[in-house]
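A.B. asks: Chains A and H supply the protein sequences, listed in that same order.
Using my numbering, the letters of the first sequence map in sequence onto residues 1 to 98.
Using my numbering, the letters of the second sequence map in sequence onto residues 1 to 800.
Treat the hints as calculated values from the structure; they're not laboratory data.
Facing chain H, according to a computed beta carbon distance under 8 Å, are these residues of chain A, among others: (1) 37; (2) 41; (3) 75; (4) 76.
Here are the simulated DSBU-like cross-link-like pairs (lysine-lysine), alpha carbons at most 35 Å apart as the crow flies: (5) 455/H / 92/A; (6) 180/H / 72/H; (7) 487/H / 67/H; (8) 571/H / 455/H; (9) 188/H / 55/H; (10) 571/H / 180/H; (11) 92/A / 355/H; (12) 571/H / 92/A; (13) 552/H / 66/H.
Ideal placement from N, C-alpha and C gives every residue a C-beta, glycine not left out.
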Amino acid sequence: MKTVGSLTHQNGSIQACSLDELGIGCQGQVVEVNGDHRVRRRLLEMGFCNGASITVIRRAPLGDPIEFELRGYHLSLRSDQARYVRVVQISKPPNDID
Amino acid sequence: MGFCDKFQVITMPHCRENAIELALDKGDVPVVALAGNPNSGKTTIFNGLTGLRQKVANYPGVTVEKKTGTCKLPDGRRCHIVDLPGTYSLISHSPDEYVAMEVLRGLRLDTPAPQAVIAVVDASNLQRNLYLVSQLIELRMPMVVALNMMDVAERRGLQVDAQALSAALGVPVVPLVGHKRRGIDALKAAILQARIPPMPDWILPQAMHDELLLVGGGLAILESETEHEAAPATEGLAVDKYRRLGSSVDDARRMVHYQALAERLLIGDSAADMTPLASREPVKALLESAVSRLAVMGIEAMQADIEAHYHWIEHVVAQVTAGIDAPQAVGSSARQAWRPQRNLTERVDGVLIHKIWGLLIFALIMGVVFVSIFWAAQPMMDGVGAGIDYLGLHATGHLPAGPLKDLLKDGVFAGVGTVVKFVPQIALLFLFLSILEDSGYLARAAFLMDRLLAKVGLHGKSFIPLLSSFACAIPGIMATRTIEHRKDRLATIMVAPFMSCAARLPVYGLLITTFFAAWGTGVRAAVMYAAIMLSLYVMGIAAAAITAWFFKRSLLRGAPAAFILELPTYKVPQASQVARQVWNNTWAFLTRAGTIIFCMSVILWAVAYYPRLPSLEQARISQTARARYHSALEGQTGADTKAQPATSEAEAVSMSLGSAAGGYSYAGRLGHAMEPVIRPLGFDWKMGVGLVSAFAARELFVSTMGIIYAVGDPEERSTTDLSRAMRGDRDQRGQPVWTPLVAVSLLIWFVLALQCMSTVAIVRRETGGWRWPVFMILYMNGLAYVVCLGVYQVGLLLGA
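The following block holds chain H by itself, in its conformation from the complex (with noise of 0.2 Å):
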């Protein structure tokens, strides 16, 4: 028999057993934690207990969500709640579960302590969901059970007796449908009447009892001993002796208290507070001492503390549940005749999950979110980009001319209109990622692509943030959170930015039409254009794929994940999460990519604006322009029509201006400063002034080619005239600067460099540290650079 249900022990201090009634007495207001499985239906309750009153944060120094809110009692008072990260155990596997056992263990700085915990249990899956509320019942923290997903339970034919349940626990357990708000008045009530579970007569083997003994008594011993006398006295004593004082320890709550940390270290619980302590020499050889006496038995400590929780999960759940699905004694050797698919999870996956079926239907759904993200790209990001054009031109036109109207007009509105552009089309793929998460459906997907990813040494989970990306990286490689083994994660940021983002639409468009649309209009041309455009995806993703096996091979290299994916239940998604969702995630784009882009973009701008050509110098400028342009009419016949791109004297002027200007700005002289460089890719200062500012956003590109050959009226810059003046522009030699090899040196670049200081800040934020985004930067650009100095030097090579 045990002897821990003796004891009502309070390892946690703070913990006591009515101290949410304390602290509103008191008028402080308690902290509740939210804790429970993955698609328990937390979150539901969460926005059920808090309505609006809600923040959503990030866990300083880790990237998990941290959210909380604020919950209103039926007596009027308040409590704050915090929504744990969905988590199978508190034995950590991933980030997100070693943050939930922090907080609930009172680890951490940022979050009190909470003072009591509601347990989110999903009555359709007892037993497993029942795993976590043991190893709560362990942390002595006052409880309630929130029995969701009644419903669902139902519906499967078992029924789930809540009164049932509260005896064979000891705490108040209520039940819920989360999303029809059924039972969160009562749950609410409820958080008054938490009561810390009797500890439950977990059936270990005697074996394990005396080494808890043996250990807890070490543990004691250790902690009372000063420094010095410990190391002798614990390799002196014999088994006998710690034994003997194990058991006399006078204040049996100090014993409980050290055989309950033993017991966390003999199965490996490896929390921050426990490491200090595990540390120590004589613990160490205390543990291995204990395990391998028990590893002679064929006791393993890990295993025979999971058997013996569950043993007590599948005598509640026998006391609890009937119905016709309810799981029967386990370990019976009664044969269990193969039940027909019944429930409605079961018959849909059948289709969805079908061997033909579930593969045209996954290409068909994903086909539809890359086909809407994209078509709405172009022509959303035209129509925000002209909204704020249009905005920008009234707020300044005002202005006297000069650097201050410049600034807000291509500075700031630019800058803005960079940033804002992007909104609908993120927040669209927002949309759809909610639905489908929600659903259920996502991890139907990921099981389908697994094994395709799991090749190239990446992860089905890995599959939505690919397909994320490419919209826009940044959402994709947050979308990384879901995968837990860190290195597939990692693997799967450091190749997101290969799938072609929204971003270089422009710049792809702009160089296809100019370089490649020379097969006149109409079909053909669109049907080239797609071609080429197609190439340029497959690219990215071949790019993707080749590197993610190279990194699973070297860098990356590890033991494979245990990737177990639960399928859950399908579920319509509920409108209002899936709107909070997507306000949430955009909102978090727009503060944290968004600042980024506009910062970046005005800095640029500044850098190609300043200093300006002194007027002596433009008024030579113009002089020669004019000359050229009137020489060059005169000798029209004859002459190389392209070689006179502009179609007016003014023209003219302005284009050499626009260059000169170019050219002598700061960004222009970088740009001449990295030629060298970049010119045995086949590209010139220009665009190296290009490259310079498309680091900030990628489409930043063409407004800057806009810029230097400005071409046209400022007001009225088209992309046809810029084509036309980049088909015109000439070098010294009067070579053609831009050739179609050219261009499609600079397009392989775009597809392969990462170019965009959003995407590095994000990576440093979901990696925590600037080892990996570094990284990032000198291999995709470095491999840019070697792939378009082979293209470029092989095209030139055979003629091109």
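Same shape as in the complex, but just chain A (with noise of 0.2 Å):
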């Protein structure tokens, strides 16, 4: 077993996706945080971390940056930002039409 974060993988059987593969309504649990050093620590310090729970809300008209939300509140990434994060999806909304 690895432990990252606080999170606990259990044989490698738990898909880990990056943030920006989740799809709208779907929520995500952050598994861990890649990048160069002020990017990490940025996102690790808005809160991506501790296996938060994070839920994609809408992509923006054009495409990108997708809005999110965790924690209780809102921001947006762009997608390559979002590439960073690495999730375990948890959910999907409750009608699967996106």
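Hints are included, so try docking the two chains, each in its own frame, into the full complex.
C.D. replies: Now the structure itself:
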């Protein structure tokens, strides 16, 4: 078992994806944050840690950036930054039609 | 278990537990810092605490705004409040955060170290707001928590227990509804009760505790040893020895201080007070070995530190909140159902950032802003200008004719007029900006536009500064402060002047009506006018996009910034706050840009006025002009009537005199000297003089042309007379000086060239040096030169 943050993987059966791959309305749990030092620090400080739950609210009309909800507030990230955040999907929206 | 909680470490000697009381008893005025996240309502609280007793300035050396004020405490005594820039963290990512950190740590020479801090926390956004609080706690300063936006939390169904929070943190917590002034008095009373919070039990991995002990020990040794002994001692010492040294240091308080220092170094905090220590070779080696030892265990100091803080936050929040929206224990595997949109902000966003409606509404709002500034622009400028002229006439009417009268009328009053003409438009722009920002819509605008702007290497937050630059580049450039990433900010500043500002309007107006409205009056002419105007604006935008893209690929190339944009809850802007911001910003514009424009106007007036034509020369020119007028009249039939624009002998004389005087003055000589350089672009020396004066303020071009062509009664010069004179101007070979192609070339020059001293001054201020403003002057004017050259020469070839 490998300890990453406070979430423990069990024999690698959980599939992690990057945050920009989560669909609208889906929820993911933060597993790790990659990227260069400054970007990582900023993301971690904004709350992308300790297995926090992130919900994908919407994408901007032009496709980018993406609006998320975590720890009770809303923020937006560009896709290429969202890619740095690895999550484990934990739920889908009630109706699967996006 | 952590050892830190055993000691009340005071790392800042000036920050005693009851520092506020001590200061007040001595009769001093204590300083209290106001810290908090952006969008936490800090400014409203600042306004509530200080009322009108506030001052806005700049921290010397940086472009961060410094807001200070005086607060009257309940017992009548006073304290100073320093409103720090909104920050998410004290470990800086932007100049704002750096300054906040410096002020709190007492590192700024221009600001006294605060004796207490009020931490403003948004109750509806507790977790992230508490992160900053957790860092403030580490500063070991007397603290009070202002729990703001209780009404928003309530609306969302969140119940935050201020008492419980106070118990959990160990400091007074005052619930507030800032914009309704509820709780301000309680906050004032609480300042006197500020306490140093107990150090929480950060849950760090044991390995990190070990390393902190080790590194802390090393730092203690290094600091106590003399310089030449330090190096051999560090290299030779084994890890064990350090550890033993670390735990045996007698003065436990000192040890905790070194461990706190060690922690900051390990997590990569690079504040100024750290750098001399951190750059010493032994310290670097110490840190590197600690980091690699931790890495072997899969621990990264920065992440462990932040996670520890958030663990504590989650624990605290679970204790103090209840309600439907309360955050559940994170890390739990319980599946959370998708919550339906409940609160107002989310519902409004459903429309405002909707795929179709969002963009339409955005276009509508921006259109309204743009159009109202423009529709109002020319009439407002004319109105204010006429008012100042009228004042000037009356003030100088009784003076005898001569240099003093001319100086006052054409120099001073005209100079003042040039500045003041802008004020209504600028104030209107600031009004729109303030409302958009305070309501929370600005973040949505950045959200919508980011994709487009990112394509040319700019930032979503660049949109508003660029839009503002359509009124005036100066507030636009000032607005780039919201862009955290330096390179994105620079790129925005570099291209902002391409957005055709209001000062160019009179020039565009003059040139278009003179040379392109030959299609008669009425609808056709109006449409033509609008079409040409629009193409000029589009040209500016295109130039900006291309240059920004180019810069991002070359000069300003760098890792893309972390675009993290918070979308705050929508609020109704508070009228008094908006009014205050409009006032402050407009006043800043008047004093910064205004003084420069005014001084340059007066100087340029002098340069165009002196030296005066000697009277002998005046007589000779008048005679020649009279003769030419009469001979042209006699040979009228068949002669080119356009070549004789003067409608009377007196006018012919004054025109010739005006032209000659213009040429004789310093400005004129400069224009003549410039002529060889600007000839290939189609400009003659008179235009050269106009361009010189345009460097103070672009619209001075029109008044300078008016002076040089000296048409009509000086007190009643009108643009139609000027147009007539320009069209009829002939050079020595009898060819028209002004052709439509020349006008096109000049228009393009005004679109592309940087011609505003005030813009240069503001860029110098905002970038902190002369490098970038000088570069801007060179590249923009160079670009203008090349493009105008190309257009004119190609046009000539094509037979225009």
